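Peer 1: Required output: the full structure, derived from the provided sequences and hints.
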Amino acid sequence: GAVVSQHPSWVICKSGTSVKIECRSLDFQATTMFWYRQFPKQSLMLMATSNEGSKATYEQGVEKDKFLINHASLTLSTLTVTSAHPEDSSFYICSARTTNYRGRNTDTQYFGPGTRLTVL
Amino acid sequence: KQEVTQIPAALSVPEGENLVLNCSFTDSAIYNLQWFRQDPGKGLTSLLLIQSSQREQTSGRLNASLDKSSGRSTLYIAASQPGDSATYLCAVQYTGTASKLTFGTGTRLQVTL
Chain Y
1 GAVVSQHPSW
11 VICKSGTSVK
21 IECRSLDFQA
31 TTMFWYRQFP
41 KQSLMLMATS
51 NEGSKATYEQ
61 GVEKDKFLIN
71 HASLTLSTLT
81 VTSAHPEDSS
91 FYICSARTTN
101 YRGRNTDTQY
111 FGPGTRLTVL
Chain E
1 KQEVTQIPAA
11 LSVPEGENLV
21 LNCSFTDSAI
31 YNLQWFRQDP
41 GKGLTSLLLI
51 QSSQREQTSG
61 RLNASLDKSS
71 GRSTLYIAAS
81 QPGDSATYLC
91 AVQYTGTASK
101 LTFGTGTRLQ
111 VTL
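Each protein sequence line maps, in turn, to chains Y and E. Just so you know, we're using the numbering used here here: the first sequence kicks off at 1 and counts up by one. Just so you know, we're using the numbering used here here: the second sequence kicks off at 1 and counts up by one.
By construction, these hints were calculated from the structure, which means they are not laboratory data. Note that this is a predicted model, so its numbers are computed, not measured. Beta carbons are placed, not taken as given, at the ideal position from N, Cα and C, and that holds for glycine. Hints may be right or wrong, so weigh each one.
Stated by the list, open to error - Straight line, CA to CA, 27 Å or less: simulated DSS-like cross-link-like pairs of lysine-lysine:
hint : chain 1 : residue 1 : chain 2 : residue 2
1    : Y       : K55       : Y       : K20
2    : Y       : K20       : E       : K1
3    : E       : K100      : Y       : K20
4    : E       : K1        : Y       : K66
5    : E       : K100      : Y       : K55
6    : Y       : K41       : Y       : K66
7    : E       : K42       : Y       : K14
8    : Y       : K41       : E       : K1
9    : Y       : K41       : Y       : K20
10   : E       : K1        : Y       : K55
11   : E       : K100      : Y       : K14
Unchecked claim - Some chain Y residues near chain E, calculated using beta-carbon distances under 7 Å:
hint : residue
12   : S43
13   : L44
14   : I93
15   : R97
16   : F111
17   : G112
18   : P113
19   : G114
Peer 2: As structure tokens, then:
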């Protein structure tokens with residue numbers, strides 16, 4: 001199946017610093033990428049939707065100035081957590097959407113393995 | 001508000017049992033529904049996807065059904081194995097939401113020897 005990678009897989013940082021998380025679709029071009037956040041023992045909550053070359057659309061309650069999203073190419077989106085605080089500690093998961101995978105018409109999201117962020 | 005609920009929140013069964021996980025959604029205008037598996041600290045593995053026009057999908061020991069009129073989907077796991085232990089999430093893509101997925105609350109499954 002389609003492969004989506006995230007880097008880093010885990011990161012520990014000090015409060016007040018910024019952290020960048022990358023999401024890459026390795027064998028397909030993603031028209032849209034999504035960023036989710038998951039707190040322990042909770043479900044995934046959509047943070048934002050990003051389309052290549054345009055500004056991300058943030059869900060209600062998500063601070064766009066704190067969670068900067070850049071979608072510079074059809075295979076790469078980045079999420080930067082600015083001035084991170086302990087309450088930002090969470091598991092961040094991206095997904096990449098494609099409507100055509102290996103010649104097959106489909107509208108499917110493929111998920112990355114997640115990034116564990118711990119802010120001290 | 002479009003909500004997705006899963007019952008039970010946690011389930012423990014002995015190996016070999018057949019089991020059913022439930023997913024309920026509040027809005028019947030869905031495009032598709034997907035079941036995922038998540039191992040602790042890991043990402044998501046897609047198990048089954050049911051389009052709104054379909055009633056069920058099967059893959060190996062897994063069978064997922066969809067009843068839009070009642071706002072329900074079930075995931076049936078036959079002959080459970082310890083390796084099936086994980087959290088199972090259902091996710092709904094509602095019509096007209098530009099491929100956004102709304103995830104359920106999840107069911108944590110433990111299959112014991």
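Peer 1: Hint compliance check: list the failing hint numbers for this structure, sorted ascending.
Peer 2: 2 and 11
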